[in-house]
Every structure is written in C-alpha cells, then in structure tokens.
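Student: Quick one: dock chain against chain with the hints and give me the complex.
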Amino acid sequence: MKEISLHLLDIVQNSVKAGASHVDIRFRLDASGVLEMGVRDDGCGMDPEFLARVRSPFTTTRTTRKVGLGIPLLMQNAMQSGGRVDIESKVGEGTDIVAYFVTSSIDCLPLGDLASTMASIIMGSPDKPEFSIQCSSPAGEMSFSTEEIRPVLEGVSLAEPGVVQWIRESLDEEIQPILGGIMK
Amino acid sequence: MKSMAELEAIRKATLSRINLRTEEKGETTRVVIGMATCGIAAGARPVMLAFMDEIDKRKLGHVTVSQTGCIGMCRLEPMVDVILPGKEKVTYVHVKPEMVPRIVAEHIVNGRPVDEYTIGAAEKN
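Order-wise, the sequence lines are chains A and B. Under the numbering used here, think of the first position of the first sequence as 1, with each following residue one higher. Under the numbering used here, think of the first position of the second sequence as 1001, with each following residue one higher.
These are calculated hints, taken from the structure and not from any lab test. Careful: at least some of the hints might be erroneous.
Where chain B lies over chain A, by a calculated footprint (3+ residues, C-beta under 8 angstroms) [claimed, not checked]:
{"hint": "1", "stretch": "6 to 14"}
{"hint": "2", "stretch": "28 to 42"}
{"hint": "3", "stretch": "159 to 165"}
Being a predicted model, the structure only gives us computed values, none of them experimental. No residue lacks a Cβ here, since even glycine has one placed at the ideal position from N, Cα and C.
Next up, chain B with everything else stripped away, as it sits in the complex (with noise of 0.2 angstroms):
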C-alpha cells in the first residue's frame, strides 16, 4: 500500500536538504539525459534512475536530473550531459546504469569527468 505517512517522512527529508542548498549557496549541477525515441530505445530510462538512486544515496543536494529530446546523434545514445557550474559541458555516450557510480563519484563529486566514457573517447575509435 502506499504509505501517505512515508511520503510525509521524505518531504520533510528533502525540505531540510533543499534548506541545505540554499545556504551554501552552491550552484547546482545539472544532469541531462536524452529521452527521445531513441534515447528510451537505447535504455535511458534505467540510467535516469540509477543518477536518481545514487544522487539520492549520497544525499547531494545540489544536483539536478532532467530530461531533454534528440539532440540528432542517436547512434551515440543513452547520451547523458552533466554540467558542473563554471565548467563546460562534457558529455557521455553509450551510458550504462552500471557506468552511473563512477561518474557520480569522480565527476560529479569530485570534479574529475570519466574521460573513457565520453564523447570524444568514443568519437576517436
């Protein structure tokens, strides 16, 4: 059964962690992940939800995870661009839902980009 009280419990959770947010003042990070034909045919859907569960598990406030269309390269999908503030946009290709740790640990955490994992990895071969 749905547990209405449970609910209760997550949204005071979250109110006290968006309260987080805002006075640190930190800029968010975003997270995009394509979710047009192609990208739920290539499996986005599994990889938006393992970013939700990991960002969820580590608590990190200042993350935001949202949806966009095709960007036109759909051979290169599940496609995810994550957005650092004050940092260029580095975008990943071929995203797994086993790939999501590592990218949340080293970029998003620590600022580090996967590199094997990008874009211009996969565009060199």
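Bound conformation, chain A alone (with noise of 0.2 angstroms):
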C-alpha cells in the first residue's frame, strides 16, 4: 500500500464481513509523531485458536483462496516504521485492532487521502455498519459519524454520487488542520 489511509480502506472489509452495526475508526497522532489508527468493531469477534493465527498470510476466511494479505501487509507497514499491530477481540462483541505508525521514520508511509477513504468506506457499506471517525492531534481534533447525517439525507442513500462528494470535501476540510502535517 502507498497510505496508510488505504490499510484502513482494507482492513475495515473485516469489520463489515464480521457483520458489524457500529464501526469506530480512530487516528491519534502525539506529541512525539506516534500515529495510532484504531479500528473498533462490534462483529462476530474471533475466538483465541483464530486470534492466534490471525497475523499470518495464510489464515482467512474466505473459501476462493487459502490467502488473506489484509493485517500483514498492514503489520509490515507498522513495523517498518518502528511500530507494531495489537489485536484485541471476542467472541460475539468485536475486535479492537490497533496500528502504531513512528511517522518521523523515513520509512513511515504518509498518512494519505483520509477523507476520500471514509468516503469510498461508507459509499462500499451505505446501509450498514454505522461509521465513525475521529482525529485528533496536538493541533485540534474532530470527529464525524454517519449516525448524524442519516436523519437528515431521510430515504436517500449515503452511496448517492452527491452526498459521497460532500462527505469527501467536509471530512477533508476538518481533517486538514489536524493531520494535514504527515498526510504526503
């Protein structure tokens, strides 16, 4: 992957495939450039002998292939920049995944197209997970969900051409001061 936004396009699928109805999705990045990008499911959840064999690229659940590349390329991104993936999850309440990017390494990926990304998430999943996003970093924070525009857009879908490019431009315009720094 060229972002880092694009391990969070990848890695979301398995909270929609878990059968998540909310999906919270969140960057902090610290004082001392530690990026935090959490994703927090309330799927199917994993049980320990799956957890356990979850990080190879040889474990999936998909029946076509015997391959899944999604948290270990996501893990070789995180570790190459100094940081590391942890796992959390249950049985019948979700999982928790959690990535560490050192983005003062040379070998950290940008940040990258954030709010392009939530848009082609929600556009991929209009009707269900509910998303949320929040950001946050020494210069502000934000958050959005799409639980508040849902009564608003009443019957019209959020995969709509109009209203994908209007949750692109506004999450842009907000996620700019905040993580504007390490997104390129």
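Tutor: Now the structure itself:
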C-alpha cells in the first residue's frame, strides 16, 4: 500500500464481513509523532485459536483461496516504521485492531487521503454498519459519524454520488488542520 | 465546517433524480469495482471516486457504483466491470482515473465499450 489510509480501507472490510453494526475508527497523533490508527467493531469477534493465527498470510475466512494479506501488509508497514499492531477480540463482542506508526521514520508511509478513504468506506456499505471517525493531534480534534447525517438524508442512500462528494469535501476540510502535516 | 443545509440541498437534488429514474423506467447500468486488498493496493480508490465524480457531473441517474472483492486476477487490478442492461458484462483492467471519463462517455452513455481498455485487449499481448 502507498498510504496508511489504504490500509484502513482494506481492514475495515474485515469489520463489515464480521457483521458489525458499529465501526469506530480513530486516528490519534501524539506530540512525539506516533500515529495510532484504531478500528473497533461490534462484529462477531474471533476465538482465541483464530486470533492466534490471524497475523499469518495463510489465514483467511474466504473459501475461494487460502491467502489473506490485509493484516500481514498492515503489520509490515507499521513495523517498518518502528511501530506495531495490537489485536484484541472476543467472540460475540467484537474486535479492536490498533496499528501504531512512527511518523518521524523515513520508512513510514504517509497518511494519504483519509477523507476520500472514509467516503469510499461509507459508499461501499451505505446501509450497515454505522461508521464513526475521530481524529486528534496536538493541533485539535474532529469527529464525524454516519448516524449524524442519516436523519438529514431521510431515505436517500449514503452511496448517492452527491452525498459521497459531500462527505469527502467536508471531512477533508476538517481533517486537514489536524493531520495535514503527515498526509504526504 | 460540515454544512447540513448543503446536505439537505443534495438530498433534494438526489430525490428528484431518483424520481426521474423511476419515471423513465429505464433499467440501471452497474459499475462494479474490485476493492479487495489487491484492488486497493493497485489504486482502486481514486478510480471509484472518479466514477462517482463523472456520474455526478453528468447527472446519470440510472447508474449505480458498487464494490466487490478479489476475483483472483490480482495482476490486472484495478478492474472494473460495466454492465449495461441486457448487454454482456465488459471488464476493464489496469484502470486509471484518467481513463474513467472516456469509459463513461463512450460506453455508459453511448453504449460502445472502449475496446483498448478491456481485458480482451490486455490479454492479447
């Protein structure tokens, strides 16, 4: 992947496939330049046996092929910056996956276009789950949730082109001042 | 700041377009984009957003854009299927955002697939 955001786009699919009704995404950049990217869902969760081997590229839930590279590629990029990936999960409760990136490292990927990524995520699953995102850094914080715009839209899908465009533009405007420094 | 008034206006514009869609009784054209790990890594996100932009710009009410997983031809990603009502599916490969306006204009609007971008052309070499 060329951007940290693209890893988000990729691993969020795991939460969607786990049947989550809420997926909460968080980006926290601390003063030392460590970026935390977290995805917490209330999907089906993983049992300890599956959790123990979920980091392997040869672990996947799909039946068409025997490989799954979402988590291994995320780990590779987090670790090459000097960071790590933590995964907590309980069957019936959900999963929390957290990747840490050391943004001062020359080997750290840029955050990339987070607003477009959120728009793509929401467009891909417009009815369920509800997505929320929180971003914070020493420069400030913002939050957004699909639940706050659904009542305004009343029956118009979140996948309609005009709505997707609105999400992309409004999020970009709010995320820029907070995480703009690590986007490129 | 997020403007809810603007969103409300978008909702109204979208609703009138949806009504037009049902009145015309035209069947929908589907655009399906591969968005698994391989597609995303190869650049599917900007391609998908380019389709959304182009459809929004041309006010094409009868077109839906959706995502799919990996179909096993990862080396040809980003891949896009365009399915016109009553026609056979056309698969475009190695799609870049710059190619999208032409696919929309020639294929989705005028019904002539852009042969040089299709899987058939790519696999000949």
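Student: So is the stretch 6 to 14 of chain A in contact with chain B by the C-beta rule, three or more residues under 8 angstroms, or is the coverage claim wrong?
Tutor: holds (count 4)
Student: Verify this for me: three or more residues of the stretch 28 to 42 of chain A with a beta carbon less than 8 angstroms from a beta carbon of chain B.
Tutor: Violated: only 0 residues of the stretch 28 to 42 of chain A have a Cβ under 8 angstroms from chain B.
Student: Can you tell me if the stretch 159 to 165 of chain A counts as covered by chain B, using C-beta to C-beta distances under 8 angstroms and a minimum of three residues?
Tutor: With 7 residues in contact (Cβ-Cβ under 8 angstroms with chain B), the coverage given for the stretch 159 to 165 of chain A holds.
The earlier numbered hint that this structure contradicts is number 2, and it is the only one.
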